[in-house]
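All chains, please: the whole structure from these sequences, using the hints.
Chains as they are written, first to last, in our numbering: chain E, 1 to 128; chain B, 1 to 486; chain F, 1 to 438.
Just so you know, the hints here were simulated from the structure itself, not pulled from any lab data.
Keep in mind that a hint or two might mislead.
[As the list claims (entries may be wrong)] For lysine-lysine, the following PhoX-like pairs were computed, each having C-alpha atoms within a straight-line distance of at most 20 Å:
no., chain 1, residue 1, chain 2, residue 2
1, B, K420, B, K190
2, E, K63, B, K390
3, B, K292, B, K304
4, F, K48, B, K304
5, E, K5, E, K120
6, E, K63, F, K282
7, E, K120, E, K17
8, B, K420, E, K63
9, E, K46, E, K17
10, F, K216, E, K46
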Amino acid sequence: MSNPKNLLYTETHEWVKQDGNVAYVGITDYAQDSLGDVVFVELPEKGADIEAGDTLGSIESVKAVSDIYSPVSGTVVEINAELEEAPELLNAAPWDTWIFAVEISNTDELAELLNASEYKAFCEDGEE
Amino acid sequence: MKTNQDFPLIFERSRAGRRALDLPQNDVPTTGKTLPEHLRRQEAAALPEVSQVDLIRHFTALSRRNFGVDNGFYPLGSCTMKYNPKINEDIARIPGFAQIHPEQPPETVQGALQVIYELGRMLSEITAMDEFTLQPAAGAHGELTGLMLIKAYHLHNGDSHKTEVLVPDSAHGTNPASAAMAGFDVVEVKSNMAGLVDLEDLAKKVSDNTAALMLTNPNTLGLFEKDVKEIADIVHAKGGLLYYDGANLNAIMGICRPGDMGFDVVHLNLHKTFSTPHGGGGPGSGPVGVKKPLIPYLPVPTVKQEGQTYTFDYNRPLSIGRVKSFYGNFGVYLKAYAYILAMGPDGLRQASQDAVLNANYLLHQLKECYEVPYPDRCMHEFVISATTQKEYGASALDLAKRLLDFGFHPPTIYFPLIVKEALMIEPTETESKETLDAFVAVMAAIAKEAEETPQALQNAPHHATVSRLDETTAARHPVLKWTGED
Amino acid sequence: MLNEIGVSSAEELFDVIPRELQLGRPLNLPQALSEQELLTHMNALAEKNKRPLSFLGAGAYEHHIPSVVNHILMRSEFYTSYTPYQAEISQGMLQCIFEYQTMIAQITGMDVSNASLYDGATATSEAAFMAVNVTRRNKVLVPWNVHPQTRQVLRTYCNAAGITLIELENQDGLSLQEIIEQSLDHDTAGVILQNPDFFGCIEDLQGIADIVHNNKSLLIASVEPISLALLKPPGQSGVDIAVGDGQSLGNPLSFGGPSLGFMAVKENLLRRMPGRIVGQTKDQDGRRGFVLTLQAREQHIRRQKAMSNICSNQALNALAATVYLATLGKEGFVELATLCMNKAHYAKDLICAIPGFELAFDSPFFCEFAIKCPGNAENIAQQVLQDAQILPGYYLGQEYPELSNGLLIAVTETKTRQDIELLADALAKAAVTGGDLA
Chain E
1 MSNPKNLLYT
11 ETHEWVKQDG
21 NVAYVGITDY
31 AQDSLGDVVF
41 VELPEKGADI
51 EAGDTLGSIE
61 SVKAVSDIYS
71 PVSGTVVEIN
81 AELEEAPELL
91 NAAPWDTWIF
101 AVEISNTDEL
111 AELLNASEYK
121 AFCEDGEE
Chain B
1 MKTNQDFPLI
11 FERSRAGRRA
21 LDLPQNDVPT
31 TGKTLPEHLR
41 RQEAAALPEV
51 SQVDLIRHFT
61 ALSRRNFGVD
71 NGFYPLGSCT
81 MKYNPKINED
91 IARIPGFAQI
101 HPEQPPETVQ
111 GALQVIYELG
121 RMLSEITAMD
131 EFTLQPAAGA
141 HGELTGLMLI
151 KAYHLHNGDS
161 HKTEVLVPDS
171 AHGTNPASAA
181 MAGFDVVEVK
191 SNMAGLVDLE
201 DLAKKVSDNT
211 AALMLTNPNT
221 LGLFEKDVKE
231 IADIVHAKGG
241 LLYYDGANLN
251 AIMGICRPGD
261 MGFDVVHLNL
271 HKTFSTPHGG
281 GGPGSGPVGV
291 KKPLIPYLPV
301 PTVKQEGQTY
311 TFDYNRPLSI
321 GRVKSFYGNF
331 GVYLKAYAYI
341 LAMGPDGLRQ
351 ASQDAVLNAN
361 YLLHQLKECY
371 EVPYPDRCMH
381 EFVISATTQK
391 EYGASALDLA
401 KRLLDFGFHP
411 PTIYFPLIVK
421 EALMIEPTET
431 ESKETLDAFV
441 AVMAAIAKEA
451 EETPQALQNA
461 PHHATVSRLD
471 ETTAARHPVL
481 KWTGED
Chain F
1 MLNEIGVSSA
11 EELFDVIPRE
21 LQLGRPLNLP
31 QALSEQELLT
41 HMNALAEKNK
51 RPLSFLGAGA
61 YEHHIPSVVN
71 HILMRSEFYT
81 SYTPYQAEIS
91 QGMLQCIFEY
101 QTMIAQITGM
111 DVSNASLYDG
121 ATATSEAAFM
131 AVNVTRRNKV
141 LVPWNVHPQT
151 RQVLRTYCNA
161 AGITLIELEN
171 QDGLSLQEII
181 EQSLDHDTAG
191 VILQNPDFFG
201 CIEDLQGIAD
211 IVHNNKSLLI
221 ASVEPISLAL
231 LKPPGQSGVD
241 IAVGDGQSLG
251 NPLSFGGPSL
261 GFMAVKENLL
271 RRMPGRIVGQ
281 TKDQDGRRGF
291 VLTLQAREQH
301 IRRQKAMSNI
311 CSNQALNALA
321 ATVYLATLGK
331 EGFVELATLC
341 MNKAHYAKDL
351 ICAIPGFELA
361 FDSPFFCEFA
371 IKCPGNAENI
381 AQQVLQDAQI
391 LPGYYLGQEY
401 PELSNGLLIA
411 VTETKTRQDI
421 ELLADALAKA
431 AVTGGDLA
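Structure representation (structure tokens):
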């Protein structure tokens, strides 16, 4: 599965979809594949004020736990409650399953994220 | 034997009114209301009600759905699954040991205190350390204790900036976890191509903020860190201390000693090196030994000798305090004490020598059909990689599960993290050549199977009491107790 | 074998070790003993340990251990096995732990239990860490009437982790609840209680639970397992984390170890519990089976971000507890606890009828109680041991200086009426001869 071109990416394998001044954040196919079957998602608190790089939660699989980092600064405005009952959505549909949404306080930060081909190169580098 | 029916839980065998034990009659006058109503339990706990014969059959059957060293070969790397001497089980049950209360006046428990004192001295001799505490209940607990000692030492010397602990990337998970729990920041040190600590990387990462480097020698790849003196010098030069994870001591007993290599703090795993049984996950015992400068910080109490008498020593104003109630796992370290006395100096040395011989023998044979990242020589354990087999579709996990079908406990898998598809093998000294040869034959057969019919491995085990278990569902929707609602 | 490897002697295998590090001499240890000689030596040591009639408690209790417990523990498929990471061949131990977890949940009235921790004191410390992690606050309160050794271990752990431990002192005229209320603030992660407390006194926890929860802190209670047969369990008193020492459940005194620490929590804290946990699942053919689950939280995966560094559980001790509780069964458990309580109250009545002796605290108790002696209790206890070969109890003055005349007495089902009467007699005599040596 190739990385959708309309999304932005982080080096910690999150994807970002910008919708107005809100950023929806999920994890990439590469991430879900490395993690294995997701068993639990720890979600951030709605309303939390955050900085780019903050740990907002974690994703637990049978064999690993990965922290989720926020790609941008702002306020958490929504969390995907579906993941409480069905964490496996992250494995089945990583590109369609957002985890949390942030109201962006500083749009300049988006420029520091990777685009699809930069992310692809980053992943390939890591595999050497 | 596999059937299609679920093996019953004890609760499912329960029938109202059945008893497995008769209690004595009450022989004192009852004074009536001793507990006010609002403090009373209203509904009895729904414990099972079974007869003694059903109870015994239940647990006997359960024991037969389990696998211990007494059942077969158990080459778990880093666990030292050696034979557990039966005499030690008898010794731990002698009433004079099993039935004494920890708060009895010291003059009534001189035998126990003598054991604690003498064991400490013997472990000091084996490891070249100056004094031991027997209080920690397990290896990880020993690590935490050792790190707390290091922290107390630095703080007392005014070095509160020493907040970092260095841990090799090949280390056991408890190392960084213990460091974090003790309030340190963890810094990872890389291994070089030979699988040893990368001295350059170490030199870069050691700083004035280094409180300690945690090391095990031989390391988790079964390789002896021959540059350990240099490593010690690098760390000591910056005022850091060297911590020894004693998990692999079985390779070097009577041959060399951590205290002589420059280690300042040591923890031992009595349930590994010193033959006390693993018990299905515990209890263990993780004594910690230190060099002189750290003695003042040891947990209280220790045991000292005054003439012919033994007493508790609580006079340690700089002590880190207690890490456990009472005196540690007495009933466990008693067995280690007996083991050391039964082996003697020559026996211990022989054990290490045989452990290393057995491991090299296996390494040499298994090289033929498995990738071996460090093929030349090993100490008491070594790592193979199932990367070739993975290409055919059979992972290290599959290999391990297939071994179960042949009556062998699999080796440790996916550890250390720096080797892909790792299987870590430690035969120990208590295995015969015939057992080792049988293991090699099976491993060779499985390697062939991986190439020709990998599904046999992917669907393994075929002959255990259950087939492969669904760990994902267990974690997604945890069911952690019986509720009677099936 | 040497030929196969290609070396001429076993010593060559150690060539990798630098010359200057090799010991080069035998270890300075006693020469090896044969099995027979070892047994003689160990028996001689054991003979030096005395076992007089004892009323010592203070965190370790003498109970009759049913014969079946030891027979099952001696099945070597259990005790020589490793941690059940290879679930398919370890269904025996895994199921035993699942049954253990169930029974602990049953007796504590809590939602879920883990597979056990080292002991009660370390379990209490792990609970304190949990409270800090969950609430993201940094202060823990613990009152004076929690076991002194539990408080000592807490101090060590909290100091290491940089958690503020506030030890609450007793204040005349104020109840425990009032003292706690005074000290709660926005940085309090949790409050630790012991019930029955170190002096054996039983408290109703609900009121305290309410004020603790109003403060958005967690309530941690260290409880005595046998007492749970008769007392309102922590799960019904608003407790968030129940911990305690499981030695009294089928494990011998063994000079204080090994034991086990149990921990049981409310459902919402399940994923924050340290230690191993066994879960139920199915195999490929639909059969019920058990696995170690939620392992991603543990040290071997999470490493420095693990909930705790804990690796082992006290599996064999937990197995003993499971067999013990199954042996007693639903009714036997209550009957046993009742025996203990009756005998303790009889002892209290006899002793408090002796001039100069009185109950130290006006409170209901289970099978352990504190008395005030007419004189220094340590001297009286020594006199009793000397004259009657009885250990009458734990000298409270060693941890509570204001109670130099205090003795903590535990009476379990192992004491007959005659034993209790001997104790009372001995105390009465010692009070006359020994009490004045204060």
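Comparing the hints with the structure gives:
1. For the hint linking K420/B to K190/B, the alpha-carbon distance of about 16 Å falls within 20 Å, and the restraint holds.
2. Taking the CA atoms of K63/E and K390/B, the gap is about 18 Å. The hint holds against a cut of 20 Å.
3. Proposed proximity of K292/B and K304/B is supported: the alpha carbons are some 16 Å apart, at most 20 Å.
4. As the CA atoms of K48/F and K304/B are separated by approximately 17 Å, the hinted pair is consistent with the 20 Å bound.
5. Pair hint K5/E plus K120/E holds up; C-alpha atoms about 11 Å apart against a cutoff of 20 Å.
6. Between K63/E and K282/F the alpha-carbon distance is near 18 Å, which keeps this suggested pair within the 20 Å criterion.
7. A distance of roughly 17 Å separates the Cα atoms of K120/E and K17/E; the hinted pair therefore holds under the 20 Å criterion.
8. Our distance criterion of 20 Å between C-alpha atoms is met by K420/B and K63/E, whose separation comes to about 15 Å.
9. Annotation: proposed proximity of K46/E to K17/E holds, straight-line Cα distance about 18 Å (limit 20 Å).
10. With a C-alpha separation of about 18 Å, the suggested pairing of K216/F with K46/E holds against the 20 Å cut-off.
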